[in-house]
Amino acid sequence: MLLPWVLIAGAAAYGAGAGALLPRPAYRLSVEPDEAWREACPDGHPYADQGRVRAWLGPATCAERATRAGAHGSGRRAFAVPGALVCAGLAAAVGPRPELAVWLLMVPCGLLLSAVDRRVNRLPDVLTLPLAAGAAALLGLAALLPGAEGSWGRALGGGAVLAGAYFVLFVISPRAVGFGDVKLALALGVALGWYGWDVLFVGAFLGFLVGAVYGVALILTRRAGRGTALAFGPFMVLGALAGVALGGLAA
Numbered sequence: 001m002l003l004p005w006v007l008i009a010g011a012a013a014y015g016a017g018a019g020a021l022l023p024r025p026a027y028r029l030s031v032e033p034d035e036a037w038r039e040a041c042p043d044g045h046p047y048a049d050q051g052r053v054r055a056w057l058g059p060a061t062c063a064e065r066a067t068r069a070g071a072h073g074s075g076r077r078a079f080a081v082p083g084a085l086v087c088a089g090l091a092a093a094v095g096p097r098p099e100l101a102v103w104l105l106m107v108p109c110g111l112l113l114s115a116v117d118r119r120v121n122r123l124p125d126v127l128t129l130p131l132a133a134g135a136a137a138l139l140g141l142a143a144l145l146p147g148a149e150g151s152w153g154r155a156l157g158g159g160a161v162l163a164g165a166y167f168v169l170f171v172i173s174p175r176a177v178g179f180g181d182v183k184l185a186l187a188l189g190v191a192l193g194w195y196g197w198d199v200l201f202v203g204a205f206l207g208f209l210v211g212a213v214y215g216v217a218l219i220l221t222r223r224a225g226r227g228t229a230l231a232f233g234p235f236m237v238l239g240a241l242a243g244v245a246l247g248g249l250a251a
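In terms of full-length UniProt numbering, the sequence shown has 80 at position 80, counting the first letter as 1, and numbering is strictly consecutive.
For the record, the hints were derived by calculation from the structure and aren't laboratory data.
Every value quoted in this text rests on a predicted model; they were computed, and no experiment measured them.
Any given hint could turn out to be false.
Unchecked claim - Only pairs whose alpha carbons sit at most 20 Å apart, straight line, appear in this in silico SDA-like list of lysine to any residue:
hint, residue 1, residue 2
1, 183, 172
2, 183, 33
3, 183, 26
4, 183, 171
5, 183, 201
6, 183, 156
7, 183, 31
8, 183, 120
9, 183, 208
10, 183, 105
11, 183, 130
12, 183, 167
13, 183, 109
14, 183, 133
All chains, full assembly: derive it from the sequences and hints.
This is the structure we're talking about:
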């Protein structure tokens, strides 16, 4: 009985640690499509001076400024807390199956994409495309290991189906669905398709449902109008996380 709790605690610790590294890439990538990634912190100090790894991971601000302003811990907690909760929830739902490692690796990227999309309505290719390729490759490896509860072929099909559906929506209404959403759907479809077509449908539907409820709430509270563009990526990720968790429980 101790193993599940150890697994959950380990997943939570991993999620908190990975989340604490995300404020800097979220800040650097949150720019308009025609702008280059931010190369310096809010104080103007170049990130390149801190080395290749530290240039992309850690707090958005320099350590000195963050310590003075008290933003060092709060910025990291904004990602660390949801990272810990999501990873712990996935571990509890999926258990010690090989595919759990894939879901845990996808969580930081999902959080990062959600943050960037929420800030500038953009899902960068530098994140969406590697996420799709990595999910497909890693699930292919997971399928070879004992204890895996899913289908790699169905996962690939799920990615194609969900991306195709979003592409149709993009063609019909490019203001409502961006092409970045289509690319993100490819990765999320791979994850959802792993557990079954019903899980794919549920995960996609939950994303639309939560997004619609949020949009209606903004309109009713007069914080947005009917023509206001909303970032849909966070709702896609949220729906996919719920779908994967439900698929893991059912499996």
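Tested hints:
Between residue 183 and residue 172 the alpha-carbon distance is near 16 Å, which keeps this suggested pair within the 20 Å criterion. The hinted pair formed by residue 183 and residue 33 meets the criterion: a straight-line CA distance of about 15 Å does not exceed 20 Å. Only pairs whose Cα atoms come within 20 Å are accepted, and residue 183 paired with residue 26 is accepted, the gap being roughly 19 Å. As the CA atoms of residue 183 and residue 171 are separated by approximately 14 Å, the hinted pair is consistent with the 20 Å bound.
With a C-alpha separation of about 17 Å, the suggested pair residue 183 and residue 201 falls inside the 20 Å cut-off, and the hint holds. Under the criterion of a C-alpha separation no larger than 20 Å, the hint pairing residue 183 with residue 156 is consistent with the structure, at around 14 Å. Among the hinted pairs, residue 183 with residue 31 is consistent with the structure: their alpha-carbon atoms are about 18 Å apart, no more than 20 Å. In summary, the hint linking residue 183 to residue 120 is supported, as the alpha carbons are separated by about 17 Å, within the 20 Å threshold.
Straight-line distance between C-alpha atoms of residue 183 and residue 208 comes to about 16 Å, which keeps the hinted pair within the 20 Å bound. This hinted pair checks out: residue 183 and residue 105 have alpha carbons roughly 18 Å apart, not beyond 20 Å. Taking the CA atoms of residue 183 and residue 130, the gap is near 10 Å; set against the 20 Å cutoff, the hint holds. Restraint check for residue 183 and residue 167: satisfied, since their Cα atoms lie roughly 9 Å apart, inside the 20 Å limit.
Straight-line distance between C-alpha atoms of residue 183 and residue 109 comes to about 14 Å, which keeps the hinted pair within the 20 Å bound. Between residue 183 and residue 133 the alpha-carbon distance is near 11 Å, which keeps this suggested pair within the 20 Å criterion.
When held up to the earlier numbered hints, the structure conflicts with none and fits them all.
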